[in-house]
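Protein sequences appear in the order of chains A and B.
Numbering of the first sequence is given in my numbering, commencing with residue 1 and proceeding in unit increments.
Numbering of the second sequence is given in my numbering, commencing with residue 1 and proceeding in unit increments.
Worth double-checking, as some hints may not be accurate.
Where chains are identical, the list cannot tell them apart; a pair therefore holds if satisfied intra-copy or between any two copies.
[Claimed, not checked] Straight-line C-alpha distance at most 20 Å; calculated DMTMM-like pairs for lysine to aspartate or glutamate:
| # | residue 1 | residue 2 |
| --- | --- | --- |
| 1 | K118 | D261 |
| 2 | K250 | E176 |
| 3 | K118 | E347 |
| 4 | K98 | E198 |
| 5 | K118 | E198 |
| 6 | K250 | D163 |
| 7 | K114 | D173 |
| 8 | K250 | E274 |
| 9 | K118 | E93 |
| 10 | K250 | D173 |
| 11 | K250 | E41 |
| 12 | K250 | E35 |
| 13 | K118 | E302 |
| 14 | K98 | D187 |
| 15 | K114 | E54 |
| 16 | K118 | D163 |
| 17 | K114 | E198 |
| 18 | K114 | D239 |
| 19 | K98 | E257 |
Please keep in mind that the hints were generated in silico from the structure rather than gathered at the bench.
Protein chains: 2
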Amino acid sequence: MSELRNDRLLRALLRQPVDRTPVWMMRQAGRYLPEYRATRERAGSFMDLCRSAELACEVTLQPLARFELDAAILFSDILTIPDAMGLGLYFAEGEGPKFEHPLRDAAAIRALRKPDMKQDLGYVMAAVSTIRQALAGRVPLIGFAGSPWTLATYMIEGASSRDFSRAKSMLYDQPEAAHQLLALLADTVAEYLNAQIEAGAQAVQIFDTWGGALSTPAYQQFSLAYMRRVVEQLRREHDGRRVPVILFTKGGGQWLELMADTGCDALGLDWTTELHGARERVGQRIALQGNMDPAILNAAPEAIRAEVSRILESFGPGSGHVFNLGHGITPGVPPEHAGAMIRAVTELSPAFHQSG
Amino acid sequence: MSELRNDRLLRALLRQPVDRTPVWMMRQAGRYLPEYRATRERAGSFMDLCRSAELACEVTLQPLARFELDAAILFSDILTIPDAMGLGLYFAEGEGPKFEHPLRDAAAIRALRKPDMKQDLGYVMAAVSTIRQALAGRVPLIGFAGSPWTLATYMIEGASSRDFSRAKSMLYDQPEAAHQLLALLADTVAEYLNAQIEAGAQAVQIFDTWGGALSTPAYQQFSLAYMRRVVEQLRREHDGRRVPVILFTKGGGQWLELMADTGCDALGLDWTTELHGARERVGQRIALQGNMDPAILNAAPEAIRAEVSRILESFGPGSGHVFNLGHGITPGVPPEHAGAMIRAVTELSPAFHQSG
Chain A
1 MSELRNDRLL
11 RALLRQPVDR
21 TPVWMMRQAG
31 RYLPEYRATR
41 ERAGSFMDLC
51 RSAELACEVT
61 LQPLARFELD
71 AAILFSDILT
81 IPDAMGLGLY
91 FAEGEGPKFE
101 HPLRDAAAIR
111 ALRKPDMKQD
121 LGYVMAAVST
131 IRQALAGRVP
141 LIGFAGSPWT
151 LATYMIEGAS
161 SRDFSRAKSM
171 LYDQPEAAHQ
181 LLALLADTVA
191 EYLNAQIEAG
201 AQAVQIFDTW
211 GGALSTPAYQ
221 QFSLAYMRRV
231 VEQLRREHDG
241 RRVPVILFTK
251 GGGQWLELMA
261 DTGCDALGLD
271 WTTELHGARE
281 RVGQRIALQG
291 NMDPAILNAA
301 PEAIRAEVSR
311 ILESFGPGSG
321 HVFNLGHGIT
331 PGVPPEHAGA
341 MIRAVTELSP
351 AFHQSG
Chain B
1 MSELRNDRLL
11 RALLRQPVDR
21 TPVWMMRQAG
31 RYLPEYRATR
41 ERAGSFMDLC
51 RSAELACEVT
61 LQPLARFELD
71 AAILFSDILT
81 IPDAMGLGLY
91 FAEGEGPKFE
101 HPLRDAAAIR
111 ALRKPDMKQD
121 LGYVMAAVST
131 IRQALAGRVP
141 LIGFAGSPWT
151 LATYMIEGAS
161 SRDFSRAKSM
171 LYDQPEAAHQ
181 LLALLADTVA
191 EYLNAQIEAG
201 AQAVQIFDTW
211 GGALSTPAYQ
221 QFSLAYMRRV
231 VEQLRREHDG
241 RRVPVILFTK
251 GGGQWLELMA
261 DTGCDALGLD
271 WTTELHGARE
281 RVGQRIALQG
291 NMDPAILNAA
301 PEAIRAEVSR
311 ILESFGPGSG
321 HVFNLGHGIT
331 PGVPPEHAGA
341 MIRAVTELSP
351 AFHQSG
């Protein structure tokens, strides 16, 4: 493998000194880019795009050709695991992900098996190694997976949900079945992320998109406990280098101390949590990633630059911050607005990293 | 006016001793009740139902006939104010509220005028006084309004929104126009709530449904500041009795101290915030209302009772807690499950209020 020429991301995730704050964007390869939409059209379905190592690599690299980003992130979907478990993932036009065979009872959960990483998910590892080769050491590659609870919500509801009434009813009415499902998912997610690390992912992020929909005790019992189970099983070193783990619970601002206790290296924050306060609470233990409101990318470039400045100021001087959005970039954002944000980070952040 | 025979709600909101924890539910008059659906059908449109004092009174009282609730809440909509400002509120089947004339620029904002409370919103005050008479002192009546920011999101977006991209762009691109709109809304909301108090509302709640979608500084500047402006203008006493003000920002768990500083009497909490910690943070200053996850009402009655017990335990002994859901009850909940929750509060909470 080529030597890594830009390791700002990995260094900041481990709170080691850097020359400026590294920056990447959740969903940085996506519909807001015309070149992505062109590749997507050529690919056929969304899952065809994910299943082709060449096309997944192509779209992963597209934002790096435009912007001075400090990381690439594997182009894939969080629902590859339930799909590989036989639930039949499909995307209804304009409706988000759906499953042909959602989990409707404890019997369906008992019948689930861990997918085979080679046979059922080998296409993801092929994409990872293809991207690593294409990057040729330019920036690190981030692998990812959905959290057990987040995967479970889609598997039980069969689709996106507003209030998760089926999934939450299972937690309260059939806690044993819920724990069985979440344990199986945790072990699968760990194996899946380890396979990505083995294939070349240099950092990994766990996306707990729906953990914030739970009460505090339910979050601890049904989401956090299983993310800890994932983290504990992860390979933390590969090719002689530490592989940092980022944990992102959207809406988890009240639970940072609990999240830091999982043993992860960094926490992703949405924009409702101030970096300043978050750093005071857990910044001696872990790095922080975030947290600009993606909606601000619809505002004018000067407003975007002012917000970047405010966020850098809020974290303050020193390493341990990875600049990112607080959630994925949305389809309607003009690419030059994303560029304005990234440029502002590269121009304004060196002042926060002067040695001394 | 008849003497108030059950004043548990008002006493708990002012942290005065009570025999048990009072309980009511956000959206307690609503689609989960078959008797509501019958009245709604008879009324014609949803707004016809809101505009008829007799029918609004009928549905307001329906949950009190079924359950041992400690408060009635005015049946109305949070969008009556923008409708009275001429934006043309309508409800598209299965799509939520919409406006015929959303605010698309600063000129539209400059052209807005405060509505006349008698001429444009007199139907709301007629409903309040009709309900007060019908209650005949059985329980207090709660009035309410949307927060300035929450109203502004609907007025700018023209409908419900997932990410508020138009409304947030206005905050960042045209802050002066945004402040002009929010100031006008704050003064209107204050006048509207004072008119409800004058007509008979014995407590009022400000619903900041979308404050939690903002970053901390944006929340302070664009939502909280204008709720404070409302609270400062409210009539806090009527008929010789204190009229408590409840402030509810959904997703506001990180901002309780800031919210308590507005001068309100109580904070509504969603289910992501633990009552125990909230009480430690602000319980010496204000009362707390909440906070069961409404999704749990889809679970079995035994699970509901266990969750009520956990929440009462989390607040602990003494006054200053009003039991409620952490958000409105959802249409699919079986009424007997709501009954199980209310019964659990009435049966389990006296143990937390033994004098001594």
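**Report entry** Contradicted hints - numbers only
**Finding:** 1, 2, 3, 4, 7, 9, 10, 11, 12, 13, 14, 15, 16, 18, 19
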